[in-house]
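A.B. asks: Taken in sequence, the protein lines are chains A and B.
Using this note's numbering, you'd call the opening residue of the first sequence number 1 and step up by one each time.
Using this note's numbering, you'd call the opening residue of the second sequence number 1 and step up by one each time.
Errors might be hidden in some of the hints.
[Claimed, not checked] As a list, the in silico DMTMM-like pairs of lysine to aspartate or glutamate whose alpha-carbon atoms are at most 20 angstroms apart: (1) A:K174 x B:D80; (2) A:K174 x B:D83; (3) A:K174 x B:D56; (4) B:K139 x B:E126; (5) B:K230 x B:D215; (6) B:K230 x B:D193; (7) B:K230 x B:E189; (8) A:K174 x A:E154; (9) B:K230 x B:D180; (10) A:K174 x B:D245; (11) B:K139 x B:E123; (12) B:K230 x B:D245; (13) A:K174 x A:E89; (14) B:K230 x B:D27; (15) A:K174 x B:D60.
Hints listed in this document are in silico derivations from the structure and should not be mistaken for laboratory results.
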Amino acid sequence: MSRQRSQRLAVALITAVAVLVFVPVIAIIGYLIVSGIGALNWEFLTAMPRNGMKEGGIMPAIVGTLILTMGTALVSMPVSLLAAIYLAEYARDNRLTRTIRMAIVNLAGIPSIVYGLFGLGAFVLAAGFGTSIIAGSLTLGIMTMPVVISTAEEAINSVPQQFRTVSLSLGASKWQTIRHQVLPHALPGILTGMILGLSRAAGETAPILFTVAAFYVPTLPSSIFDQTMALPYHLYVISTQVPGMPLTIQYGTALVLLLITLTLTLLATGVRTTMRRRRDW
Amino acid sequence: MQPKISIQGVYYTYGDGTEALRNVSFDVLPHEVFVLFGPARSGKTTLLRLLNRLSDLTDDATLRGVITFNGASISGRSVDVFDLRRRISMVFAVPTPLPGSIRFNLTYGLQMAGMRDRRVLAERVEQSLQQAALWDEVKDRLDSSAMALSGGQKQRLCLARSLALEPEVILLDNPTSGLDPLSTNMVEEMLHDLSQRYTIIMVPHSVQQAARVADRAAFMLDGELIEVAKGERLFLHPQDQRTEDYITGRFG
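Bound conformation, chain A alone:
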């Protein structure tokens, strides 16, 4: 084969594979929209389920997922950010640092069902929170930490070193330097990582299975010690546990969940693009 031909063949192959990546995305989103859009209406989004969840809406599950996402953010964000700052700016290369890094890598590799069982043992039972929003948020929060820490650390490391040196040379303390020269420039990357972590948390089923998710509660939670319905678990329930469940409701629920995680992902991309465009270095 001539070099031209093999070159053309390689390009064609690579392009074809790259295009293939689109296919499942388009297929999933397209199929869900086609099958589920019929279920979407105001009542579906804002009403309580009725008649064994076969009628009415899925509001408690939507609200539950939003609350859990916020709870996850409250648990995971501060800890992850501080950990990332420590690792990127303060940690020396010693045994403690290596142990922390190893812990983070291992956390990232733990299957989500194991987080669920850990949450059951630690927060629901040992800490005595019961099946509750706080137990679920803590579980999801810990699960998202490794991703958020890694992306935040990377974002912090990508801030040019000379900004730090200049800031220190002008008499700023290390913390002032981090606060005024490092974090503002690392923010787009940090936010992106946080939102992506949250979007993953919003869609997880296993970690909330034993820690917070309710099969059916026809009311909204009134405190962080209440159970709540949540979209991923609700989807599992109506797809497998309730006989005679209308398909449109199942697809409609899946579509709503997808829209929430998709919105978060697009938000992350938007944040990053806007803030990147605004910076001038």
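Add chain B to chain A, keeping to what the hints say.
C.D. replies: For chain B alone, kept in the frame of chain A given last:
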């Protein structure tokens, strides 16, 4: 006269065992332009970074010997290193404005030091830009990005940023390295005016520049101080053969 800065028997060794400075001793007098010159990797920049303790950022290096500023050691635990860096301020070889406006760059150090008075800040902005001969060029766009300035303007901004702190000593690490001849000329001409108010320690771009601006000069080679003298004498009648070889271009 008490020296502004006194360096006595300084050895500086990196973690990997490299001796960056060996037994360096000299004094810098108030209000002089003191030039540190020599071939690459002779320890000039290392020495500058020791003077305002930016060297603290380098892990594992060890310093022996004494460096004093106004007669007091700069190394002790009781020294306020942030204050020291405001009083001995540094301008780097690569002009590095901080991202943000011209005004932000000029007021950053002061604000970090807790200065809130807007009137004082505005005064310092104007004064420092005047001294760095940049005021006329930027006075109408103080709030636009410092990154949009030309290379020469950026370097004068960095100089102004140091001056805004009203330091006592200014460390200039090859401040004209990336500048065109016109901007280089501007910076060089500024030095003697600045030395009326400040003490200047400078690593020059070339021997020629060293000879043009130095009140006194020190020749460094491989981490050692070879010779210190008044500029004229050092460049016209060097005492050490190695100094003469370097000045006349036989090596380096």
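A.B. asks: Regarding the pair B:K230 and B:D245, is the alpha-carbon distance no greater than 20 angstroms?
C.D. replies: 18 angstroms, holds
A.B. asks: Quickly compare the C-alpha distance for B:K230 and B:E189 to 20 angstroms and report which way the hint goes.
C.D. replies: Holds. B:K230 to B:E189 sits at ~19 angstroms (cutoff 20 angstroms).
A.B. asks: Does A:E89 lie within 20 angstroms of A:K174 when you go C-alpha to C-alpha?
C.D. replies: Holds - the C-alpha atoms of A:E89 and A:K174 are around 9 angstroms apart, at most 20 angstroms.
A.B. asks: Below or equal to 20 angstroms on CA atoms is what counts here, so check A:K174 against B:D80.
C.D. replies: With a Cα-Cα distance of about 13 angstroms, the restraint between A:K174 and B:D80 holds, given a limit of 20 angstroms.
A.B. asks: Does the alpha-carbon distance linking A:K174 and B:D83 stay inside the 20 angstroms limit?
C.D. replies: Holds: A:K174 and B:D83 sit about 13 angstroms apart, inside 20 angstroms.
A.B. asks: Taking only the CA atoms, is the gap from B:K230 to B:D215 under or equal to 20 angstroms?
C.D. replies: Status holds; Cα separation ~6 angstroms.
A.B. asks: Can you confirm whether the C-alpha distance between A:K174 and B:D60 stays at or below 20 angstroms?
C.D. replies: Holds, because 18 angstroms separates the two Cα atoms, which is no more than 20 angstroms.
A.B. asks: Hey, A:K174 versus B:D56, does the alpha-carbon distance stay inside 20 angstroms?
C.D. replies: Distance of about 12 angstroms is within 20 angstroms: holds.
A.B. asks: Measure nothing beyond the straight line between the CA atoms of A:K174 and B:D245; if it is 20 angstroms or shorter, mark the hint as holding.
C.D. replies: 44 angstroms, violated
A.B. asks: Below or equal to 20 angstroms on CA atoms is what counts here, so check B:K139 against B:E126.
C.D. replies: 8 angstroms, holds
A.B. asks: Tell me if the straight-line CA distance from B:K230 to B:D180 falls inside 20 angstroms.
C.D. replies: 28 angstroms, violated
A.B. asks: For the pair supplied as a hint, B:K230 and B:D193, confirm whether the alpha-carbon distance does not exceed 20 angstroms.
C.D. replies: With a Cα-Cα distance of about 19 angstroms, the restraint between B:K230 and B:D193 holds, given a limit of 20 angstroms.
When held up to the earlier numbered hints, the structure conflicts with 9, 10 and fits the remainder.
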